[in-house]
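S.K.: As given, the protein sequences belong to chains G and S, one line each in that order. Residues in the first sequence are numbered from 0 upward in steps of one, following numbering that gives the first Met the number 0. Residues in the second sequence are numbered from 0 upward in steps of one, following numbering that gives the first Met the number 0.
FYI, nobody ran anything at the bench for these hints, they're computed from the structure. Hints are supplied without guarantee of correctness; some may be wrong.
[As the list claims (entries may be wrong)] Pairwise CB distance ranges, derived in the manner of DEER restraints:
1. G:Asp234 - S:Ile155: 41 to 47 Å
2. S:Pro205 - G:Arg189: 38 to 44 Å
3. G:Lys32 - S:Ala272: 53 to 59 Å
4. S:Phe100 - G:Lys264: 41 to 47 Å
5. G:Asn171 - S:Leu47: 26 to 32 Å
6. G:Lys32 - S:Thr212: 42 to 48 Å
7. S:Trp289 - G:Asp27: 55 to 61 Å
8. S:Trp67 - G:Lys264: 34 to 40 Å
9. G:Pro337 - S:Trp67: 52 to 58 Å
10. G:Asn171 - S:Trp161: 56 to 62 Å
[Unchecked claim] Computed footprint of chain S on chain G, listed as stretches where at least three residues anywhere in the stretch have a Cβ under 8 Å from a Cβ of chain S:
11. 89-102
12. 141-152
13. 181-194
14. 208-215
15. 316-328
Please read all numbers here as calculations on a predicted model, not as lab measurements. For every residue, glycine included, the Cβ atom is placed at its ideal position computed from N, Cα and C.
Listed below are the residues making up each chain.
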Amino acid sequence: MARRILTALVGAAVMGIGAHAASAATLDDVKAKGFIQCGVNTGLAGFSAPDASGNWTGFDVDYCKAVAAAVFGDASKVKYTPLSAKERFPALQSGEVDLLARNTTWSINRDTALGFNFRPVNYYDGQGFMVRKELNVKSALELSGAAVCVQTGTTTELNLADYFKSNNLQYNPVVFEKLEEVNAAYDAGRCDVYTTDQSGLYALRLTLSKPDDHMILPEIISKEPLAPAVRQGDDQWFDIVSWTHFALIQAEEFGITQANVEEMKKSTNPDVQRFLGVEADSKIGTDLGLTNEWAVNIIKAVGNYGEVFDRNIGTGSPLKIERGLNALWNKGGIQYAPPIR
Amino acid sequence: MTTHEASFVRASMVEASPAPVLESGIVSWLRKNLFATPKDTALTIISLLVLAWLVPPAIQWLFLDAAWTGGGRGVCATVEQGGSQPEGWSGACWAFVNAKFGQFLFGRYPIDERWRPALVGILFVLLLVPMLMPKVPYKAFNAVLLLVALPIVATILLPGGWFGLTYVETPLWGGLLVTLVLSFVGIAVSLPLGILLALGRRSDMPVIKMLCTVFIEIVRGIPLITVLFMASVMLPLFLPQGVTFDKFLRALIGVSLFASAYMAEVVRGGLQAIPKGQYEGADSLGLSYWQKMNLIILPQALKLVIPGIVNTFIGLFKDTSLVSIIGMFDLLGIVRLNFSDTNWASAVTPVSGLIFAGFVFWLFCFGMSRYSGFMERVLDRSQR
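Chain G extracted, bound-state conformation (with noise of 0.2 Å):
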């Protein structure tokens, strides 16, 4: 209940100084300090983590990379602010950071009550399960009666309730306020279930101690599309956004890669020169407030769609999440991008 009121509390201050948070032109402001100032997860594996020197990697961190490139044509422009689930939306809102990449879920409350755009979905992901093999269970409806591991406070939770409830199933939640202590309680055995997105059920299996034991149904039981979110307001910025992502998707339907994108500038291909900016007289990237080189730096900077997806979650890194839906829509996926000209 707590949780409820300081959310409604936080959702109503965001809503009173929303209108005068709004109005400044964010790729100014941006430009002028030098640096674009982004909020990320405080830590979820494949998504936002340090790395060995205590840099910030991963999916999110990415994103983030992306729009500096496409900014400054400097993948390094950028400055983080870790934030908690309860402090990302007030520090969006309040001018605090320029862009929020944090595995952050659209949804129409939070695109119109509490006035951020979101758009495009970069990963899609859903609430699954994943259970011991012992159980014999082949779907999620044949687990009445189970205990479930869940943590607290999370839509998550919300979600198993309702796909309980309507499917008139019985269930034991054991709720954890940590993300650890759920793990080690699944591990230890004191749930038959587990539920959460099913990128944060790939991460889990990194630290079972019996992998192999366990198998995730297939059962998707909520959308979870995961976006980048801006202030609403800001229409050029929000492009900017929102055709970084699109430019990576691009990029790898073209099968342009970090490694190749300067030999691609020489393609012959009209559809390619255009979008890597080379095309006499192009004007691709200057009408969105930046360079014509913006795609090229971008991918420089991180590569495509698909290398930033292998690097950091995807085959290429521990945690082998697969494609699914976020192949490319000729691949089998819904990742698509409207035409870049």
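Following the hints, put chain S in place on chain G, whose structure we already have.
M.R.: Frame of chain G, contents of chain S only:
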């Protein structure tokens, strides 16, 4: 008088015979302390069994089976978990602590600049150790260096931006650095401020008395976590866009004011324990208020409340962990943050990291506790 010829006169003392075996040495100690009664014997045997049950596996897990070196999660995971350890292996993952040690000390402070916090740390130890030893002379000079010069040097060195030093913003600070800076400033501010507040609360001047009471009661009435959360989340909403206070500074102020209010109540307890005669005696000598406090009352009162003061310090030291809810990473925060590094994710990484963090906290708190015990004995002249 007849002289009585004794048949035997001992010319020398008899050698003391050794105490019975059962009453001396280790056997006696054991008999007295461990096996005095059947109940004691039973308790001893049970305790030994519990120790035998707990200690060898703990040593096995913590030291013998532990993975000490390595470059990734492989050394801390079994083959089934995707690593290189044999089936059924479980041991501490000190390789993780080893690889992240720099981060645990300094957070995300740039590697090339880490000599700066290291230098401040060395200076701190060099000044603190002689300060803590009662026999070392030049206390006043030492105190000025520790409480005035060192903070100035630290303010120049740690953030930088002067004298050609690169500017390192506070969001990059972390680990033990943040824990120690927060607690040192908290302790250094809260003791004098707490004493002033306690004197103020017992003052005869109504305005000062009311202000001090209101401050103490308000601050003690709010949880620290709320203050930090309000300062970090709500405050920026009410400021014009672009105007931001440094988060670290907000946390420093919050923690210091907090500790001051608690300290004030501890000191007030000491002031109330001093008999009225001491105050009246000082007055009758014609001492001014500050002379009376400095020379007569405070030396007695503070000595009485050393355990309470140290208790507050230890509480403050551990409370610094709360700054992790406002996105600052103290020692515990940075350890937990590194659990999300997939290169080190394994079943034993979180436990190892938490044991390490707990051990470091324990070292500092235990040190403070032992030192306060020592000071109590040194200062306790009247009871000798």
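S.K.: Could you run down the list of hints and mark each one as holding or not?
M.R.: These are the hints, each one checked on the structure:
no., hint, result
1, G:Asp234 - S:Ile155: 41 to 47 Å, "44 Å, holds"
2, S:Pro205 - G:Arg189: 38 to 44 Å, "59 Å, violated"
3, G:Lys32 - S:Ala272: 53 to 59 Å, "56 Å, holds"
4, S:Phe100 - G:Lys264: 41 to 47 Å, "44 Å, holds"
5, G:Asn171 - S:Leu47: 26 to 32 Å, "40 Å, violated"
6, G:Lys32 - S:Thr212: 42 to 48 Å, "45 Å, holds"
7, S:Trp289 - G:Asp27: 55 to 61 Å, "57 Å, holds"
8, S:Trp67 - G:Lys264: 34 to 40 Å, "49 Å, violated"
9, G:Pro337 - S:Trp67: 52 to 58 Å, "53 Å, holds"
10, G:Asn171 - S:Trp161: 56 to 62 Å, "59 Å, holds"
11, 89-102, "holds (count 6)"
12, 141-152, "violated (count 0)"
13, 181-194, "holds (count 3)"
14, 208-215, "holds (count 4)"
15, 316-328, "holds (count 3)"
The structure is inconsistent with the numbered hints 2, 5, 8, 12, although it conforms to all the rest.
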